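Trainee: Sequence:
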Amino acid sequence: MKDDKAVQFYEIFLKMHSLNSQNSIDEKIKYINIYCRIIKFFSTINTKRSLTIIEYTKSVANTEPVSYKELAKLHLVEGNINKKLNNYKDALSCFRKALTNCIKWNDSRENKLCCKIHDNIAELSFVSADSDFEKQNAIDAILENLNYKENIYGTTSLNIAKYCKIIALFYLSLQKPLKAKPLLERSKKLYTNCNKNHSEVIEINMMLNDNFIFPNIEKNKN
Numbered sequence: 001m002k003d004d005k006a007v008q009f010y011e012i013f014l015k016m017h018s019l020n021s022q023n024s025i026d027e028k029i030k031y032i033n034i035y036c037r038i039i040k041f042f043s044t045i046n047t048k049r050s051l052t053i054i055e056y057t058k059s060v061a062n063t064e065p066v067s068y069k070e071l072a073k074l075h076l077v078e079g080n081i082n083k084k085l086n087n088y089k090d091a092l093s094c095f096r097k098a099l100t101n102c103i104k105w106n107d108s109r110e111n112k113l114c115c116k117i118h119d120n121i122a123e124l125s126f127v128s129a130d131s132d133f134e135k136q137n138a139i140d141a142i143l144e145n146l147n148y149k150e151n152i153y154g155t156t157s158l159n160i161a162k163y164c165k166i167i168a169l170f171y172l173s174l175q176k177p178l179k180a181k182p183l184l185e186r187s188k189k190l191y192t193n194c195n196k197n198h199s200e201v202i203e204i205n206m207m208l209n210d211n212f213i214f215p216n217i218e219k220n221k222n
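The letter at position 219 of the sequence shown is residue 219 when you use the UniProt record's numbering, and the numbering goes up by one with no holes.
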């Protein structure tokens, strides 16, 4: 019941603070940010309703002089909500739009926003891949993500460990254990050296020692 009252409150707020031609550009941007916060709130209690609000906000943003940065944030929020609803392909489309707007904005002070978008694209390229071709594209997306981070501010060992594991899982899904094993071993080594994510090390160890995953791998080399 509390959630219902909160929803009613925010809907009234939206109506009272709707964007109109009398507002300055700064005010319009401020309200877009408020809408994004409201959408995030809705996404925790009512994801479908939050998508309705996003559609309204996008219609406003498309008719007003809103910056590429605000549009990138809006698409990022929309993508995260679709991800919660398991609408992975819709979410991936949203994240790609967010990245396009982020690149158009092209402000080096906001690298974290672009990196967050790259992370989502890499992750969803994995979960939404239906074919071997899409899986290969997903590997490319992950590598592009790593290269982007490395070029911008130097990626961390933990990031490399994370993506080595993800790419290894791709290769396993493509039935290419010979390519997967060294990536898993590298991931394990990096996690161990960082002295973090012990659960990841345990999981990778279990995979490496699983004869079903890596059957007769030495014999397969010949």
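The hints are simulated quantities; they were obtained by calculation from the structure and are not laboratory data. Among the hints, erroneous ones may be present.
[Said to hold, decoys possible] Restricting the straight-line Cα-Cα distance to at most 20 Å, the calculated cross-link-like pairs of lysine-lysine (PhoX-like) are:
no. : residue 1 : residue 2
1   : K104      : K69
2   : K69       : K135
3   : K189      : K179
4   : K89       : K112
5   : K104      : K84
6   : K179      : K135
[To be verified] Computed beta-carbon distance windows for the label pairs:
no. : residue 1 : residue 2 : range
7   : L158      : L208      : 25 to 31 Å
8   : N211      : Y68       : 50 to 56 Å
9   : K112      : F212      : 20 to 26 Å
Treat the numbers as computed from the prediction; the structure is a model and nothing was measured. Glycine included, each C-beta is placed from N, C-alpha and C at the ideal position.
Trainee: Now tell me if each hint is right for this structure.
Mentor: Results of checking the hints against the structure:
1. Taking the CA atoms of K104 and K69, the gap is near 8 Å; set against the 20 Å cutoff, the hint holds.
2. Note on K69 and K135: the hinted pairing is violated, with a Cα-Cα distance of about 30 Å set against a maximum of 20 Å.
3. In summary, the hint linking K189 to K179 is supported, as the alpha carbons are separated by about 17 Å, within the 20 Å threshold.
4. Between K89 and K112, the direct Cα distance comes to roughly 23 Å. Violation of the 20 Å bound is thereby established for this hinted pair.
5. With a CA separation close to 27 Å, the supplied pair K104 and K84 exceeds the 20 Å bound.
6. Using a Cα cut-off of 20 Å, the hinted pair K179 and K135 holds, with the two alpha carbons roughly 14 Å apart.
7. Hint check: L158 to L208, Cβ distance near 19 Å, so the stated range 25 to 31 Å is violated.
8. For the pair N211 and Y68, the supplied restraint of 50 to 56 Å holds, since their beta-carbon distance comes to about 52 Å.
9. Between K112 and F212 the CB atoms are about 40 Å apart, so this pair departs from the stated range of 20 to 26 Å.
Hint compliance for this structure: hints 2, 4, 5, 7, 9 are broken, all remaining hints hold.
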